[in-house]
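Participant: Protein chains in written order, with the working numbering: chain Z, 225 to 822; chain S, 4 to 300.
Derived from the structure by calculation, the hints contain no laboratory data. C-beta atoms are modelled at their ideal positions from N, C-alpha and C, and glycine is treated no differently. Please note that a few of the clues may not be correct.
Unchecked claim - Facing chain S, according to a computed beta carbon distance under 10 Å, are these residues of chain Z, among others:
hint: 1; residue: 226
hint: 2; residue: 250
hint: 3; residue: 389
hint: 4; residue: 463
hint: 5; residue: 506
hint: 6; residue: 695
hint: 7; residue: 696
Said to hold, decoys possible - Listed below are several chain S residues computed to face chain Z (Cβ distance under 7 Å; list not exhaustive):
hint: 8; residue: 87
hint: 9; residue: 222
hint: 10; residue: 274
To be verified - 30 Å max Cα-Cα, derived DSS-like pairs, lysine-lysine:
hint: 11; chain 1: S; residue 1: 19; chain 2: Z; residue 2: 381
hint: 12; chain 1: Z; residue 1: 633; chain 2: S; residue 2: 19
hint: 13; chain 1: Z; residue 1: 418; chain 2: S; residue 2: 293
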Amino acid sequence: MRETFSIAIGGAAGQGVATPGDIFAKIFSRRGLHLNAYNAYQSIIRGGHTFLTIRTGPDKVTNMGDRIDLLIPLNQDTMDRHLNLLTAGAACIYNADAIKAGVPASGVQLCPLPVSKLADITRNKVAQNTLALGAALSMMGIGFQSLESVLAEQFKKKGEAVVAENVGVAHAGYDYGSANFKPFARPLPMTEHKYAVLAGNTAMAMGGAAAGVKFYCAYPMSPSTGVLHWMASHGRKAGIMVRQVEDEIGVVNMAIGAAHAGVRAMCATSGGGFALMSEGLGMSAMMETPVVVINCQRAGPSTGVPTKTEQGDLWQMLGAAFGDYPRVIAAPLDIGDCFTLIPEIFNIADRFQCPGLVLCDLLLSEGRLSVDPKELDFNPRIDRGELITSANGNGSSNGGADTIYKRYKITESGVSPRAIPGVPGHTHTAATDEHDEDGVLISDEFTNPIKRRAMMEKRMRKMEGITAAAPPPTLQGPTKADVTLIGWGSTQGVIEEACELLREQGVSANHLQIRWLVPLHGEAILDLLQNARHTIIVENNYSGQFARYLRSETSFVPDGNIRKYDGEPFMPHHIVEAVKAQLSGKTNLSVPMHEIMV
Amino acid sequence: MATIAPPKPLTMADLKGKVDPDWCPGCGDFGVLAAVQKALVELQVPPHEVVTISGIGCSSNFPGYINTYGMHTLHGRSLAVATGVKLANHALTVLVTGGDGDGFGIGGNHFVHTMRRNVDLLYIVMDNQIYGLTTGQTSPTSRLGMKTKSAPFGNVEAPINPISMALAAGATFVARGFSGEQKHLTDLIKQGIEHKGFSFLDVFSPCVTYNLDNTYQWFRPRVKKLEDDAAYDANDWMAAMGKSLLWGDEIPIGKFFERNDVPTLHASEPVVNEGPLVHRDVRVPPAAAKAFIEELM
Numbered sequence: 225m226r227e228t229f230s231i232a233i234g235g236a237a238g239q240g241v242a243t244p245g246d247i248f249a250k251i252f253s254r255r256g257l258h259l260n261a262y263n264a265y266q267s268i269i270r271g272g273h274t275f276l277t278i279r280t281g282p283d284k285v286t287n288m289g290d291r292i293d294l295l296i297p298l299n300q301d302t303m304d305r306h307l308n309l310l311t312a313g314a315a316c317i318y319n320a321d322a323i324k325a326g327v328p329a330s331g332v333q334l335c336p337l338p339v340s341k342l343a344d345i346t347r348n349k350v351a352q353n354t355l356a357l358g359a360a361l362s363m364m365g366i367g368f369q370s371l372e373s374v375l376a377e378q379f380k381k382k383g384e385a386v387v388a389e390n391v392g393v394a395h396a397g398y399d400y401g402s403a404n405f406k407p408f409a410r411p412l413p414m415t416e417h418k419y420a421v422l423a424g425n426t427a428m429a430m431g432g433a434a435a436g437v438k439f440y441c442a443y444p445m446s447p448s449t450g451v452l453h454w455m456a457s458h459g460r461k462a463g464i465m466v467r468q469v470e471d472e473i474g475v476v477n478m479a480i481g482a483a484h485a486g487v488r489a490m491c492a493t494s495g496g497g498f499a500l501m502s503e504g505l506g507m508s509a510m511m512e513t514p515v516v517v518i519n520c521q522r523a524g525p526s527t528g529v530p531t532k533t534e535q536g537d538l539w540q541m542l543g544a545a546f547g548d549y550p551r552v553i554a555a556p557l558d559i560g561d562c563f564t565l566i567p568e569i570f571n572i573a574d575r576f577q578c579p580g581l582v583l584c585d586l587l588l589s590e591g592r593l594s595v596d597p598k599e600l601d602f603n604p605r606i607d608r609g610e611l612i613t614s615a616n617g618n619g620s621s622n623g624g625a626d627t628i629y630k631r632y633k634i635t636e637s638g639v640s641p642r643a644i645p646g647v648p649g650h651t652h653t654a655a656t657d658e659h660d661e662d663g664v665l666i667s668d669e670f671t672n673p674i675k676r677r678a679m680m681e682k683r684m685r686k687m688e689g690i691t692a693a694a695p696p697p698t699l700q701g702p703t704k705a706d707v708t709l710i711g712w713g714s715t716q717g718v719i720e721e722a723c724e725l726l727r728e729q730g731v732s733a734n735h736l737q738i739r740w741l742v743p744l745h746g747e748a749i750l751d752l753l754q755n756a757r758h759t760i761i762v763e764n765n766y767s768g769q770f771a772r773y774l775r776s777e778t779s780f781v782p783d784g785n786i787r788k789y790d791g792e793p794f795m796p797h798h799i800v801e802a803v804k805a806q807l808s809g810k811t812n813l814s815v816p817m818h819e820i821m822v
Numbered sequence: 004m005a006t007i008a009p010p011k012p013l014t015m016a017d018l019k020g021k022v023d024p025d026w027c028p029g030c031g032d033f034g035v036l037a038a039v040q041k042a043l044v045e046l047q048v049p050p051h052e053v054v055t056i057s058g059i060g061c062s063s064n065f066p067g068y069i070n071t072y073g074m075h076t077l078h079g080r081s082l083a084v085a086t087g088v089k090l091a092n093h094a095l096t097v098l099v100t101g102g103d104g105d106g107f108g109i110g111g112n113h114f115v116h117t118m119r120r121n122v123d124l125l126y127i128v129m130d131n132q133i134y135g136l137t138t139g140q141t142s143p144t145s146r147l148g149m150k151t152k153s154a155p156f157g158n159v160e161a162p163i164n165p166i167s168m169a170l171a172a173g174a175t176f177v178a179r180g181f182s183g184e185q186k187h188l189t190d191l192i193k194q195g196i197e198h199k200g201f202s203f204l205d206v207f208s209p210c211v212t213y214n215l216d217n218t219y220q221w222f223r224p225r226v227k228k229l230e231d232d233a234a235y236d237a238n239d240w241m242a243a244m245g246k247s248l249l250w251g252d253e254i255p256i257g258k259f260f261e262r263n264d265v266p267t268l269h270a271s272e273p274v275v276n277e278g279p280l281v282h283r284d285v286r287v288p289p290a291a292a293k294a295f296i297e298e299l300m
């Protein structure tokens, strides 16, 4: 069992759930602790119910976990909804002036704060939050100094008086907690490490900057908007042109225009916006102009549940745009990977002059994770492929001012050297109509089945190179196991932890997580699974989209499935319990019930 | 990128595309193509510094018929693509060509927003008031009552007014030409290319196959050049709006409006101060990268 500690803070939107969350995150990461934060919220600006879970510990924390050690309800609703989640050893800190405690389970410590006695609540509307922060840190065995320095940074802009007042309130909470509440059984440890804490959207935006993106555009859509926000606030320093466009159709076309002019261009959206972009992806493939499009999935269909997570867009992604065309599709495995994947997929998209699609989801996009700053490498390998940027053809075997340049020259790899506008001697037209090697349309009066076939085969040959460029998946954990769990994308962390828990409970488990969806490497997957005793596919959707995809590509059918489509992510115990039920033969389809009502 | 001056002056032959147009004999688009080529020759813009971008439709085949860099994009999306091209490399001369269905129908949203952004490009619409490539359906500029394959009993929807729309949306250069007036049209194209900002040029380009209402013969006696009216002031937006509403026995052509006090989109973004993005170092400056990480710690 990993040594972790989880805090849950709940309240109405607008009550200030985020700020104590940010402060805890800063304190933990500066203490050298890993953390994972997940915020369950609704599509409402004021009111509703927001429930932030922060889990921390000395080892990598990859998901929200199964247990809440400390509950901080900021309103009665949160107390009523969630007190029953606490088990022995946990505590609940609350404003005794405003909130009535329920009846906790045995061994749960209730920690009422007499807020109006400890702070001037007429002056400080969020005094209850700050007092709770102080009390909580005292119970975790963390010195006050770390809170004081974070508060000083947090309120620096508001002046010294505000800093002093907040530090004073926090100190009152800290002292009250030390004097009146029982500390947690194990004080939070400390390590020498220092971590950056970031959301997946920030990671993808920074990954884009590191990849050399010079053009980013978007239409606001939850949960992808964080990418736009980072780009908008950092673009000028990073040398990136950032545009908000009238709709996602405009977005993808503008990005392709910029890419065609020669820069790396990226855009992000969610399922609905991605649907509008699909015709543009075909254009990228047909013109052979690379572009990277990120889809941060939310619970669909249609407007669906804009603030909830799902892995429900796989088939939309696979089926996006009409006709057959080469492309690459990848799903990042965690928030650090959100950064790392972007330069990798740009290299493939550039080399093979095709769309690169990233299938992220709300869980990663809006979740936050501690990442070793060394993983945020701003000097990744950059391979722009066969790009002609000056009249000598940049060493390309094809082109050059004295030969006739064929933009869509038929080659063994299917890749034709790409001249960007502005280069003398290489004028050509890139068309969405089928065209010949020189770019001239063959769809109008010159249609010719032989030429059409040659061009289709030229483009599709690129899939061989793409397959070689994207590594096949590997098995995590022991080679032989009682059960093999298969997942894709954002479920990496929770499945990994479920496997550890299963092993501790006497069930040997290993794990196959898919990052590259296209190319899928079906044969490599079959090789890895051929000796598996019991296979279960775990995914965050209703119909088993990946299970159907894997079957369509390999004819592989797993022994069972674990699916969840209530808008909330998997917790480790959901998977552990479902695996045990399936191994005992009770069922082969498990749909865990989410016990946190958010 | 260093501009390599052509060894000889640019001629019409240099601008000839790889294939000849497959437009119907007599199509108005021939006149627009010739006028664009003449304008580029007169301005001596090297072909490799021009990108001609179109959507889909008869007139959108245009880029294939002219020797410049070309993009033959999706139906209605030319302006979005062109905005991306211009922002990534603002040293390029960007021409956008297409039809009324492409620009005002399926592309209507991009039309309005590209104008308000003042993207520095020339947008030429070959407006024939009909869908030609799909064999004769009603377009957003088809007149009320016009009988087409999609409105066999007569069009009951009022047409849009592209000139008024452009004025209202904030276009900084608004003009109308007629394919039957070559010299006048060439001059408008030259002005549109030289204008710093969004230039909109609506061109009556008759469809000789599917629109038997709005023919050369119908237009010729009606078109009146604004340039012939010494009192007309193309800097006067209200006057331009007034003129844009004229339709019937007298239809104004020429430059309705121009203003030069609005910065172009790329000039409004400091990120391109150091030159076109396409020529910039692909890496983020190390100090900036370090600061991006530190703010997360």
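Participant: Compare the structure with each hint and give your call.
Facilitator: For each hint, the structure was consulted:
1. Using the Cβ-Cβ criterion of 10 Å, the hint placing residue 226/Z at the interface with chain S is not satisfied: the shortest such distance is roughly 23 Å.
2. Interface restraint check for residue 250/Z: the shortest CB-CB distance to chain S comes to about 9 Å, inside 10 Å, so the restraint holds.
3. Residue-level restraint check for residue 389/Z is violated (minimum Cβ-Cβ distance to chain S is 25 Å; threshold 10 Å).
4. Annotation: interface hint on residue 463/Z holds; nearest CB of chain S at approximately 6 Å, less than 10 Å.
5. At its closest, the beta carbon of residue 506/Z sits 8 Å from a beta carbon of chain S; the interface hint therefore holds under the 10 Å criterion.
6. Against a cut-off of 10 Å between C-beta atoms, the interface hint on residue 695/Z is violated, since the closest Cβ of chain S lies about 24 Å away.
7. For the restraint placing residue 696/Z at the interface with chain S, the shortest Cβ-Cβ distance is roughly 29 Å, beyond the 10 Å limit, so the hint is violated.
8. Look at residue 87/S: its Cβ gets to within about 3 Å of chain Z, closer than 7 Å, so that hint holds up.
9. Proximity of residue 222/S to chain Z is violated relative to the hint, the smallest CB-CB distance being about 28 Å (cut-off 7 Å).
10. Because the smallest distance between the Cβ of residue 274/S and any Cβ of chain Z comes to about 5 Å, under 7 Å, the interface hint for this residue holds.
11. As the CA atoms of residue 19/S and residue 381/Z are separated by approximately 63 Å, the hinted pair breaks the 30 Å bound.
12. Between the alpha carbons of residue 633/Z and residue 19/S the distance comes to roughly 22 Å, so the proposed pair stays at or under 30 Å and holds.
13. For the given pair, residue 418/Z sits about 15 Å from residue 293/S by alpha-carbon distance, which is consistent with the 30 Å threshold.
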